[in-house]
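A.B. asks: Put together the whole structure using the sequences plus the hints.
Chains as they are written, first to last, in full-length UniProt numbering: chain A, 1 to 405; chain B, 1 to 261; chain C, 1 to 356.
Possibly wrong hints are sitting among the right ones.
Here are the computed lysine to any residue pairs in the SDA-like style, where the Cα-Cα straight-line distance is at most 25 Å [to be verified]:
no., chain 1, residue 1, chain 2, residue 2
1, C, K187, A, E307
2, C, K131, A, E307
3, C, K131, A, P401
No wet-lab data here; the hints were simulated from the structure.
Keep in mind the model is a prediction, meaning the values are calculated, not measured.
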Amino acid sequence: MSKVDTRSDRALRTSSRPIVGNRVLLTLLIIALASVAFLPFATLSPNRLVSGQAVMLWQACRPWQWIALAALGALLLVSAAGRPLAARPACRVALLTSLPLIALLLISLGDYAHRALSDASPAARVSQSASFWVLLFVGALVAVDALQRLRLGLVPRLGFALVAVVLVAVCLASDLLSGLSIMREFANQRANFLDQLVRHLVLVAGALIPALLVGLPLGLLARRREAWRSGLFSVLNVFQTLPSIAVFGLLIAPLAALARAVPWLAELGIGGIGLAPAIIALVIYSLLPIVRNTYAGLAGVPAGTLEAARGMGMTPTQILWRVEVPLALPVILSGLRIVTVQAIGLAVVAALIGAGGFGAFIFQGLGQYAIDLVLLGAIPTIVMAVIADFILQILVSLSRPAGTR
Amino acid sequence: MNAPVASSHRASRLTQVRARASGNLVLGGLIIVLVALTLGMGALEPLFHALFPELRNPLYARDSFLNLMLAHIGLVLVSSLISVTIGIAAGLFVTRPVGREFEPMVSSLAAIGQTFPPAAVLAIAVPLAGFGFAPTIIALSLYGLLPVIQNTIAGLGTVPQTTLEAARGNGMSRTQILMRVELPLAMRVIIAGIRVSVIINIGTATIGSTVGAKSLGTPLIAGLVGNNLAYVIQGALLVGLLAIVTDLLFERLERRYSFGG
Amino acid sequence: MIELKGLTKRYAGKSVVDDISLTLEDGEFGVLIGPSGCGKSTTLKMINRLIPASGGQILLNGDDVADLPVEQLRRRIGYAIQSTGLFPHWDVARNIATVPQLLKWPKSRIDDRVDELMALFHLDPAEFRGKYPHQLSGGQAQRVGVARALAADPEVLLMDEPFGAVDPLTREVLQAEMKRVHQQTGKTIVFVTHDMDEALSLATRIALLNQGRLVQYDRPIELMVEPADDFVREFIGQADLGLKLLSRRWVHQYQREARLQQTETLDSLHAHGWLIDDQGRPSALAGARLDDADAITRVKPEWIATPEMSMKEALSRMVWYRVMVLPVVDDAGKLIGEVGMQGVMGMQDEPEGALS
Ligand SMILES: Nc1ncnc2c1ncn2[C@@H]1O[C@H](COP(=O)(O)OP(=O)(O)OP(=O)(O)O)[C@@H](O)[C@H]1O
Ligand SMILES: [Mg+2]
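C.D. replies: What follows is the structure, given as structure tokens:
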């Protein structure tokens, strides 16, 4: 009797598990498949200026790469299905499949570039194309989806991210991708690239440090003098609203005039174009999120906690450093996170007023219709922003006091 | 005991009314300035001559500012319509039972996507769509999508569970709950998302001229490249005003949908 | 000792605390009570100068509080509030150690003090030391809050509706605990509440405020038997005044001698009698059951009374267990007397017991 019961019970459970266990993964696979079928994987062009001929994935791959890709796809399809794997093992399989998938994509592309160029003119170029990007993106999203479903802790997630970064870094550092036109562009620009990287970082740091030095006290002031708050916030909001390029542009004339009037400022390198107006504009942009989050963090400290702190005889300074700052820190750091990512992006535009940075590649590339140069500027900027965001996100969660984490 | 409370309440209402009236005045003034500058920038030619005596042509003349303004607004409008339509639809989809499974993925896509610098997204659209209007629209719509999705999800998430239960208990259908309860309550947050998206797009459309889309950025960037500060100022003034006016209009719209909160 | 002399607080010309004068002797448990908005919290917070007084004087053991450096003053005064105000980013031990740390006590002394206080409030240090406020129940958090207020052995303890936000059962437990702590530490306490039962069960002195004015300042019994005016009478509440009175009377005031008997058979001369075991503890009661006057009833642990139990509680137990008398036992559980239904009416009006 009881035997029969458990059996029908198990049958019930199996049948209640749907055929599709993970619709997100299935959707990603369909997108990947569609991109393979309809979008080019790479382009082969005779030289830098002529637009090339589309190469589909199956044309670019060797048989073993084909088979491996298909196998990984099949593995993903199995983990998207409700059976035979249960939800968690399926996610683990998907997570572990995503990295080889990304590696295989890079290998196939790099390998194709070497092969295609071996019997072509030296001016010929191979570039990655739409389907490559889609597949790469799908690979990353498969990992994101699996990580979300597995609800892993901070350490395993960090570990996975580290492995992924190392993997991509190895691919970039090795000879594997050197045939790609963007890597050739990089090789040409190697010294310049480092310069612009440093320049970009200088811009961002040059914006963040003064913004913090001014913004944190302003946030505290807004908290202590609530009457000033709305005025301060509206002024800062106007600056946030203005398009960055307009602020850069509007700063040129006054700064140039200032440099003319005060020669020693000009000697310091302050003038209408270059680093000075860029950094000033970036500081102005960074103020609002810092001030707003500092204020919000401080305002979020429970009133009872403050009353108790005062009632127990803490001095205002002690209350600030022992109670308010530790409790507000996560919110303040979230503000810093917003501002850092924003500054990395706005620094691109600063290249238009001669401040340099990765934006220089982008606008130079757009001017010469050199797509590889554009990507050489755009991709590192995006990577930098994503990495900064990730690091600050970790800092935010670490700054959460143990009691409230 | 009641008197001071009542009077202080009246006083705060009065300051509120006063603040709103002065806000109206500011907005009205800004709109007038914006229109006047767009139509009559030429009248300021003597001023620019005086400011920049070394320039031979201190007034951008390759195109009328009205055309540039309309082109700019057109870019932003088209891309924003696309972002708002897709964004709200996607936000609704992932908050309904059918699409709930996609919610974490879509949310993190929207969050990660917003860390991408808009200028970089614009640049990346070029190899995919070529130069001109198209890549700008693609970049603007894609980028503008993210805050709309994010705020649609967040806004619908703020509707209290008890309110939904009450609506269900009163016999409203799913569509009725959505149209009469959820959307109105979420509207303020959704509009805040649209506001962010539109403001970013106004800024990004300005650099759209570097990929060949006509906008108010055209004189600005021509001025930067050709070392003509007057052009820079003309473009920057107009686009800055446009952004501020748009932001103020959205602020008003948002306020209309705040129910006591 | 705390003396308020003509204490006044005005907001925008309007007095919310109006010319209050009273003296609270050392070791007393003073309760400020009154309707919402009557100025209880304002009065309390003027004592530790969280709110500056507009007029009048406050003396703490003879020192005018206005003359003391404010932080030093506050470190001499414990402060506990309804929302607990525990620091969410510090664990229980660090929260309790707040004032000792401000006073720069050596670490070993702080540790000892924290353990001592946790023991006083029946919080097992091994379990609770490292917990964070959000991991505590409302009652536990409130205990930590009071322990923190007592940490530096303050001269006075101020409490603003500390048990206002916990459920009624926990509140009763905390009240009993507070009473015990008061007896054990002998602290002078100023306690704000708007719950009359809480005031009656805890206070040795009650100050009833209305619209910023002190209406009556008396011992609890006097407040009940000699209300100053209709407002006081109404505020105390007429409906269960009798029970409220009993809540201020103690079993030892009503206690009479218990008659022992050796056998379980009922002695017809007497209505009832007690049987005790070889340690002198009551084991059974012969007679005196409401439903069956002849029955022999085993004494259960719940239906005993102690000398310091309030008569309200003793009466409640009699009603619940359907007996006419309860045995009164000492700390060791030995029978020292009995208290009965008939006696409830019988006590002569000797207002407060020594144990109150
Ligand atoms: N900062 C202030 N400004 C103006 N009026 C105030 C201020 N603080 C308190 N009041 C008024 O003073 C009166 C007394 O307030 P208080 O907080 O002392 O009341 P309470 O007796 O503690 O009431 P409750 O039982 O509700 O806590 C109230 O009428 C209150 O409105
Ligand atoms: Mg109060």
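A.B. asks: Now look at each hint and say whether the structure bears it out.
C.D. replies: Evaluation of the provided hints:
A C-alpha spacing of about 22 Å is found between K187/C and E307/A, which places the hinted pair at or below 25 Å, so the restraint holds. Pair hint K131/C plus E307/A holds up; C-alpha atoms about 22 Å apart against a cutoff of 25 Å. Under the criterion of a C-alpha separation no larger than 25 Å, the hint pairing K131/C with P401/A is consistent with the structure, at around 13 Å.
Violated hints: none; the structure is consistent with every hint.
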